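K.L.:
Based on these hints, arrange chain B on the given structure of chain A.
As given, the protein sequences belong to chains A and B, one line each in that order. Read left to right, the first sequence gives residues 44 to 501 (this note's numbering). Read left to right, the second sequence gives residues 44 to 501 (this note's numbering).
What the hints contain is simulated information worked out from the structure, not anything from laboratory work. Everything numeric in this text was worked out from a predicted model, so none of it was measured. Hints may contain errors.
Identical copies look the same in the list; a pair holds intra-copy or inter-copy alike.
With a straight-line cut-off of 20 angstroms between C-alpha atoms, the simulated EDC-like cross-links for lysine to aspartate or glutamate are [said to hold, decoys possible]:
#1 Lys253 <-> Asp322
#2 Lys253 <-> Asp136
#3 Lys182 <-> Asp47
#4 Lys384 <-> Asp76
Number of protein chains: 2
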Amino acid sequence: MTLDAVLARIDDDLPQALDRLMELLRIPSISTDPAYKPDCARAADWLVADLQALGFDAASRPTPGHPMVVAHGGDGTGRHLLFYGHYDVQPVDPLTLWDRDPFDPQVETTAKGRVIRGRGSSDDKGQLMTFLEACRAWKAVHGTLPGKLTIFLEGEEESGSPSLIPFMKENAAELTADLALICDTGLFEDAVPAITTMLRGLCKTEFTLKAANRDLHSGMYGGLARNPIHVLTRILSGLHDDQGRVQVPGFYDDVAELPDSLRQQWQSLAFDHAKYLGDVGLSVPSGESDRTPLEMIWSRPTAEVNGIWGGYTGAGFKTVLPSEANAKVSFRLVSAQDPQKIIPAFRAWAESQLPDDCEIIWHDAVEGSPASVMEIGDPAFELARQALTDEWGRSAAFVGAGGSIPIAGYFKSILGMDAMLIGFGRDDDNIHSPNEKYDLECFHKGIRSWARVLARLA
Amino acid sequence: MTLDAVLARIDDDLPQALDRLMELLRIPSISTDPAYKPDCARAADWLVADLQALGFDAASRPTPGHPMVVAHGGDGTGRHLLFYGHYDVQPVDPLTLWDRDPFDPQVETTAKGRVIRGRGSSDDKGQLMTFLEACRAWKAVHGTLPGKLTIFLEGEEESGSPSLIPFMKENAAELTADLALICDTGLFEDAVPAITTMLRGLCKTEFTLKAANRDLHSGMYGGLARNPIHVLTRILSGLHDDQGRVQVPGFYDDVAELPDSLRQQWQSLAFDHAKYLGDVGLSVPSGESDRTPLEMIWSRPTAEVNGIWGGYTGAGFKTVLPSEANAKVSFRLVSAQDPQKIIPAFRAWAESQLPDDCEIIWHDAVEGSPASVMEIGDPAFELARQALTDEWGRSAAFVGAGGSIPIAGYFKSILGMDAMLIGFGRDDDNIHSPNEKYDLECFHKGIRSWARVLARLA
Numbered sequence: 044m045t046l047d048a049v050l051a052r053i054d055d056d057l058p059q060a061l062d063r064l065m066e067l068l069r070i071p072s073i074s075t076d077p078a079y080k081p082d083c084a085r086a087a088d089w090l091v092a093d094l095q096a097l098g099f100d101a102a103s104r105p106t107p108g109h110p111m112v113v114a115h116g117g118d119g120t121g122r123h124l125l126f127y128g129h130y131d132v133q134p135v136d137p138l139t140l141w142d143r144d145p146f147d148p149q150v151e152t153t154a155k156g157r158v159i160r161g162r163g164s165s166d167d168k169g170q171l172m173t174f175l176e177a178c179r180a181w182k183a184v185h186g187t188l189p190g191k192l193t194i195f196l197e198g199e200e201e202s203g204s205p206s207l208i209p210f211m212k213e214n215a216a217e218l219t220a221d222l223a224l225i226c227d228t229g230l231f232e233d234a235v236p237a238i239t240t241m242l243r244g245l246c247k248t249e250f251t252l253k254a255a256n257r258d259l260h261s262g263m264y265g266g267l268a269r270n271p272i273h274v275l276t277r278i279l280s281g282l283h284d285d286q287g288r289v290q291v292p293g294f295y296d297d298v299a300e301l302p303d304s305l306r307q308q309w310q311s312l313a314f315d316h317a318k319y320l321g322d323v324g325l326s327v328p329s330g331e332s333d334r335t336p337l338e339m340i341w342s343r344p345t346a347e348v349n350g351i352w353g354g355y356t357g358a359g360f361k362t363v364l365p366s367e368a369n370a371k372v373s374f375r376l377v378s379a380q381d382p383q384k385i386i387p388a389f390r391a392w393a394e395s396q397l398p399d400d401c402e403i404i405w406h407d408a409v410e411g412s413p414a415s416v417m418e419i420g421d422p423a424f425e426l427a428r429q430a431l432t433d434e435w436g437r438s439a440a441f442v443g444a445g446g447s448i449p450i451a452g453y454f455k456s457i458l459g460m461d462a463m464l465i466g467f468g469r470d471d472d473n474i475h476s477p478n479e480k481y482d483l484e485c486f487h488k489g490i491r492s493w494a495r496v497l498a499r500l501a
Numbered sequence: 044m045t046l047d048a049v050l051a052r053i054d055d056d057l058p059q060a061l062d063r064l065m066e067l068l069r070i071p072s073i074s075t076d077p078a079y080k081p082d083c084a085r086a087a088d089w090l091v092a093d094l095q096a097l098g099f100d101a102a103s104r105p106t107p108g109h110p111m112v113v114a115h116g117g118d119g120t121g122r123h124l125l126f127y128g129h130y131d132v133q134p135v136d137p138l139t140l141w142d143r144d145p146f147d148p149q150v151e152t153t154a155k156g157r158v159i160r161g162r163g164s165s166d167d168k169g170q171l172m173t174f175l176e177a178c179r180a181w182k183a184v185h186g187t188l189p190g191k192l193t194i195f196l197e198g199e200e201e202s203g204s205p206s207l208i209p210f211m212k213e214n215a216a217e218l219t220a221d222l223a224l225i226c227d228t229g230l231f232e233d234a235v236p237a238i239t240t241m242l243r244g245l246c247k248t249e250f251t252l253k254a255a256n257r258d259l260h261s262g263m264y265g266g267l268a269r270n271p272i273h274v275l276t277r278i279l280s281g282l283h284d285d286q287g288r289v290q291v292p293g294f295y296d297d298v299a300e301l302p303d304s305l306r307q308q309w310q311s312l313a314f315d316h317a318k319y320l321g322d323v324g325l326s327v328p329s330g331e332s333d334r335t336p337l338e339m340i341w342s343r344p345t346a347e348v349n350g351i352w353g354g355y356t357g358a359g360f361k362t363v364l365p366s367e368a369n370a371k372v373s374f375r376l377v378s379a380q381d382p383q384k385i386i387p388a389f390r391a392w393a394e395s396q397l398p399d400d401c402e403i404i405w406h407d408a409v410e411g412s413p414a415s416v417m418e419i420g421d422p423a424f425e426l427a428r429q430a431l432t433d434e435w436g437r438s439a440a441f442v443g444a445g446g447s448i449p450i451a452g453y454f455k456s457i458l459g460m461d462a463m464l465i466g467f468g469r470d471d472d473n474i475h476s477p478n479e480k481y482d483l484e485c486f487h488k489g490i491r492s493w494a495r496v497l498a499r500l501a
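Excised from the complex, chain A in its bound form (with noise of 0.2 angstroms):
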């Protein structure tokens, strides 16, 4: 069995796989920040050289932004499988909530096993290495790749793609192939394989409220004078019903119901909503008050403040009415919710309520993307649960997710091409946190998912 003889090489080459990993986690690829530009770059040029070494024709392609990293390589008459991945991680702070710099990932032995702790261990450097390791291996075996092969890195994941959609309609045409691999999600409460099949959506928008034209003394105005931050406090308080319903007109309009089979499958995986929440120190759903915790995280969308500032923040006191105050603000989305009607709606909702000497400044808003929702009838999905199931010995799930990756929505509305969603994340990997960490086990029995699933599609 040469997939037994993949697996072994697997096996053996776990230490070499992991030291390729932690030269990766330790460019500091932060794609958000403007100052780290560069290691965006130099995470790029590491995966074109280390691809090309795997024989791929692979390159460090330009953008506005950050590189992307497009490699073809193998052949055959099988199917054409394209493999995503992102190569940039969140910012890190705050720093000093971190047990060990962020950038110098080490193995931890833990109570529940060894861990590989750093910035992008799980999101997404370690999840993308399971692929190019399984690669490794495969071609170790055989001499050569797993069929057909395309490999898309991308560099602006986690601050809005503002290159993708560009970068994907003027290179259409290499890009497309039969069926898109995306190794972003995780496992199903730590022990289910799972292939995700809806995706949410995800638009943002950032303002700045504004009152006096500059800081007031608040004794001299305080009482008088209007304070920013109670509008803004004012506005964003009524952002949500006492029942946890979004108060933005319109909000709801393209939110449908979710089917009762689908219902039935999800009330079937007995979600353990309390170790969920209990895992971050939370014990109660805060959310919409009638719908279940697996229907808020998955199919209902949502509102959140994700940053609030204004007046005095530093050491000491401050006795200032702010001549301006500024939040955050994004909307996770389902179904066939529009950002394009989201944001508008959000605006003309803030706006409405503001008292007189008050305006709102909007800054330029990130580019929305809609919710995603596989189509399953292909039976490469049936093929792919099976290779999970063999691997971790528990029956694949197909599952829903409350994060955005919308790639897979614009691999099918530019590429034409549908998308399998496969991961090996934890729900207690710290993704966007600090401490983020990625089991060892999950790279390891990743990597070999991986053999497995090339074994049954390519």
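P.N.:
Here is chain B on its own, set in the frame of chain A:
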């Protein structure tokens, strides 16, 4: 007339007086920020040297915080006067809104006249130097200081004066005089000289509202997990009702109504609130809807959020549900309101609104100060009013002030000494804001005013 000689000397010496003030303004003595501690000490030393040059027995006296400057000089059997000012200044952020380096002061010619531009020019270095320059001219003409004088200059006024009460108590005998003069207030509406007889008190509190034990990915948790920014905006949005009344239970219990006599006097001042607000880009009073604008800033208490922050506030977006959100809140107090009751009442009110899974961490409160109401029966008040009327050509007024000058209350409660508040600031001085200035006219006539007041009182 020796007073005429003193006034002439003041006029002749103005360029040199200005040079001396510029030297003092160049020292960035920001008391609330520990980074500027050496600069605060340097400002104190500069003043000690200047007072010694005037013949005072002056010293910089250490405290656990920034030093006090105490100086004694002159003699005579008349009234022993103590003069108070403060040499520390407010922070300068946001620095980008300054038209020049806040600590590289300069005289600028504006449409309304010549102004001294720089942090501390009005609050309070420029003001305190009016008194020192009056003493200098007096000494040049008379050869002696004007009667028996104590100078007492503080370096922590802008950061809650933590060392003030202990220092006054430890040095009570040395600091007690017949009457205190305080120069940290302003003219009434730009041209009417004023003696402030009512001052609002102040208390402050800062807190962190915590939910999850770490920042959460808004895709994985959004819609299910508690967002502490939402909770914070809900609580703070309820701080006032629609009529602008503070909703903390018991907040108004110790607030007296304004006596009719004072209400009538204030009405006769014909306060132009449209201009006062218009100068800062506002048009409408936004406080308690059943109060006059002068009441709002002079005789009514306030609750203001001076700072708010939580989540991601940097460049770009981070789709996070933060683990915590923060606020700084302060209260202007009137009548018999007790800071020791107001802060606990606010804390209890905020905590009573916390939903499940949230807690508030209260940070150390800065010691508050109650409001002050002066005894204007002392004939010194009428003598000073005459002196000010002589200099400015407009009948001087007894007024209120919305800002807190706790020292006035401490002089009474600790040293049993009345205080007379005379100052020459203008409402457009931008104190506590970018582009602070002090009108050259106010500096010049302020020095002349003190010479006239000293001639009558000493």
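K.L.:
Kindly indicate which numbered hints from before are broken by the structure, ordering the numbers from low to high.
P.N.:
4
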